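Visitor: Sequence:
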Amino acid sequence: MSTIFSTKTRKALAAAALVTTASLSVAACGSNDGGASNASATTKASAPKPVASIDSLTGETTQVTLDQGFVDALTQLKLTPGVVGTAKLVNGALVFPITGGNVTVFKPGQVSPYVIGQIQHEGSGLSLSAGGTKVELTNLNVDPGVSRVYGDVSVNGKTAVTSAYLFQLDGRTLKPLSTGNGTATLEGTKVAISPVAAPLLNKTFKTDAVKPGLLVGIAKITVATK
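Under numbering that gives the first Met the number 0, the sequence shown has 66 at position 67, and the numbering climbs by one with no breaks.
Hints listed in this document are in silico derivations from the structure and should not be mistaken for laboratory results.
This structure is a prediction, so every number in the text was calculated from the model and none was measured.
A portion of the hints provided could be inaccurate.
As the list claims (entries may be wrong) - Below, a list of computed lysine-lysine pairs in the BS3-like style, where the Cα atoms sit at most 30 Å apart:
{"hint": "1", "residue 1": "K77", "residue 2": "K133"}
{"hint": "2", "residue 1": "K133", "residue 2": "K202"}
{"hint": "3", "residue 1": "K87", "residue 2": "K77"}
{"hint": "4", "residue 1": "K210", "residue 2": "K157"}
{"hint": "5", "residue 1": "K77", "residue 2": "K157"}
{"hint": "6", "residue 1": "K106", "residue 2": "K174"}
{"hint": "7", "residue 1": "K157", "residue 2": "K202"}
{"hint": "8", "residue 1": "K106", "residue 2": "K48"}
{"hint": "9", "residue 1": "K87", "residue 2": "K174"}
{"hint": "10", "residue 1": "K77", "residue 2": "K210"}
{"hint": "11", "residue 1": "K205", "residue 2": "K87"}
{"hint": "12", "residue 1": "K133", "residue 2": "K205"}
{"hint": "13", "residue 1": "K174", "residue 2": "K210"}
{"hint": "14", "residue 1": "K225", "residue 2": "K48"}
{"hint": "15", "residue 1": "K202", "residue 2": "K77"}
Claimed, not checked - Computed Cβ-Cβ distance ranges for the label pairs, DEER-style:
{"hint": "16", "residue 1": "G122", "residue 2": "N101", "range": "14 to 20 Å"}
{"hint": "17", "residue 1": "T85", "residue 2": "S128", "range": "15 to 21 Å"}
{"hint": "18", "residue 1": "G156", "residue 2": "A46", "range": "47 to 53 Å"}
{"hint": "19", "residue 1": "S52", "residue 2": "T85", "range": "23 to 29 Å"}
{"hint": "20", "residue 1": "T57", "residue 2": "N201", "range": "33 to 39 Å"}
{"hint": "21", "residue 1": "A46", "residue 2": "A159", "range": "38 to 44 Å"}
{"hint": "22", "residue 1": "G108", "residue 2": "D207", "range": "38 to 44 Å"}
{"hint": "23", "residue 1": "N201", "residue 2": "K225", "range": "41 to 47 Å"}
{"hint": "24", "residue 1": "G84", "residue 2": "T184", "range": "22 to 28 Å"}
{"hint": "25", "residue 1": "P47", "residue 2": "S162", "range": "27 to 33 Å"}
{"hint": "26", "residue 1": "D71", "residue 2": "G179", "range": "34 to 40 Å"}
{"hint": "27", "residue 1": "T161", "residue 2": "S111", "range": "28 to 34 Å"}
{"hint": "28", "residue 1": "K133", "residue 2": "T85", "range": "14 to 20 Å"}
Backbone N, C-alpha and C define an ideal beta-carbon position, used for all residues, glycine too.
The task is simple: from the sequences and hints, build the whole structure.
Guide: Written out as structure tokens, the structure reads:
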């Protein structure tokens with residue numbers, strides 16, 4: 000049973016996780032001092048160029064490798080994880096196909112956050128079951144600019160909430176962008192249970208064991224660049 004937990008659950012946060020990144024909004028460039036033409040010139044001169052920019056994501060995947068502590072927590076709660084739709088289990092990681100979105104990556108330190116955009120995973124997700132209750136977290140949308148993953152939640156087949164804030168991201172451990180063979184990869188972001196998802200899961204499964212900030216795993220997002 001522990002093997003089932005570790006594999007299937009990892010895909011969930013993959014959506015969750017990828018992905019993965021910084022926080023806050025991009026700092027404005029330029030200055031309010033001087034005339035409008037001077038401000039415009041300053042902005043153009045100082046605006047950093049992105050390392051990579053993809054206006055329309057058309058493929059590849061987000062995966063999350065689960066933290067052992069999260070797997071143990073599922074086991075203790077007697078929660079059985081599963082995958083929904085097109086999500087799959089590959090080499091011990093939960094994998095979600097990327098279905099749309101956009102992403103722009105800057106050199107770390109140039110702007111904050113240095114990864115912006117959104118990464119969508121329509122038609123896939125993660126399920127958690129216990130007794131006669133089954134919760135599905137689907138249509139995950141990673142927003143690296145605010146370090147959050149949103150998604151739809153259903154309980155026993157009925158929609159409970161849409162576009163809920165499910166996972167929080169910590170991009171301080173994100174590795175530099177890796178490119179090659181027609182893909183770009185961002186890896187290393189930590190994925191954790193959000194302050195919104197924790198009480199929702201606790202109420203649904205009648206427990207208080209799910210804490211906000213519980214580390215789920217490490218995300219890796221691979222996007223097609225061609």
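Visitor: Look at each hint and say if it fits the structure.
Guide: Quick rundown of the hints versus the structure:
1. Taking the CA atoms of K77 and K133, the gap is near 12 Å; set against the 30 Å cutoff, the hint holds.
2. A threshold of 30 Å between alpha carbons decides the hint, and for K133 with K202 the separation of about 13 Å falls inside it, so the pair holds.
3. Our distance criterion of 30 Å between C-alpha atoms is met by K87 and K77, whose separation comes to about 22 Å.
4. Annotation: proposed proximity of K210 to K157 holds, straight-line Cα distance about 25 Å (limit 30 Å).
5. At most 30 Å may separate the alpha-carbon atoms for a hinted pair to count; K77 and K157 meet this at roughly 22 Å.
6. About 11 Å separates the Cα atoms of K106 and K174, which keeps this hinted pair within 30 Å; it holds.
7. A hinted pair counts as satisfied when its Cα atoms are at most 30 Å apart, and K157 with K202 qualifies at roughly 16 Å.
8. This hinted pair checks out: K106 and K48 have alpha carbons roughly 9 Å apart, not beyond 30 Å.
9. A threshold of 30 Å between alpha carbons decides the hint, and for K87 with K174 the separation of about 24 Å falls inside it, so the pair holds.
10. With a C-alpha separation of about 16 Å, the suggested pairing of K77 with K210 holds against the 30 Å cut-off.
11. Note on K205 and K87: the hinted pairing holds, with a Cα-Cα distance of about 28 Å set against a maximum of 30 Å.
12. About 13 Å separates the Cα atoms of K133 and K205, which keeps this hinted pair within 30 Å; it holds.
13. For the proposed pair K174 and K210, the alpha carbon gap of about 27 Å is at most 30 Å, so the pair holds.
14. A distance of roughly 20 Å separates the Cα atoms of K225 and K48; the hinted pair therefore holds under the 30 Å criterion.
15. Restraint check: the Cα-Cα separation between K202 and K77 comes to about 15 Å, which is no more than 30 Å; the hinted pair holds.
16. A C-beta distance of roughly 19 Å is found between G122 and N101, which places it inside the suggested range of 14 to 20 Å.
17. A hinted range of 15 to 21 Å for the beta carbons of T85 and S128 is consistent with their spacing of about 19 Å.
18. Remark: the range hint 47 to 53 Å for G156 to A46 is upheld by a beta-carbon distance near 49 Å.
19. Range check, S52 to T85: about 26 Å between beta-carbon atoms, so the 23 to 29 Å window is met.
20. For the hinted restraint 33 to 39 Å between T57 and N201, the CB-CB distance of approximately 38 Å keeps it satisfied.
21. Here the CB-CB span from A46 to A159 is close to 43 Å, well matched to the stated 38 to 44 Å.
22. Between G108 and D207 the CB atoms are about 40 Å apart, so this pair conforms to the stated range of 38 to 44 Å.
23. Under the hint 41 to 47 Å, the C-beta atoms of N201 and K225, about 44 Å apart, fit the expected range.
24. Between G84 and T184 the beta carbons are some 23 Å apart, a value that agrees with the proposed interval 22 to 28 Å.
25. For P47 paired with S162, a C-beta distance near 31 Å keeps the hint of 27 to 33 Å intact.
26. Taking the beta carbon of each, D71 and G179 are about 36 Å apart, inside 34 to 40 Å as hinted.
27. T161 and S111 have their C-beta atoms about 29 Å apart, which keeps the hinted 28 to 34 Å range intact.
28. Checked against the hint of 14 to 20 Å, the pair K133 and T85 passes, with Cβ atoms roughly 18 Å apart.
When the structure is compared with the earlier hints, no violation turns up for any of them.
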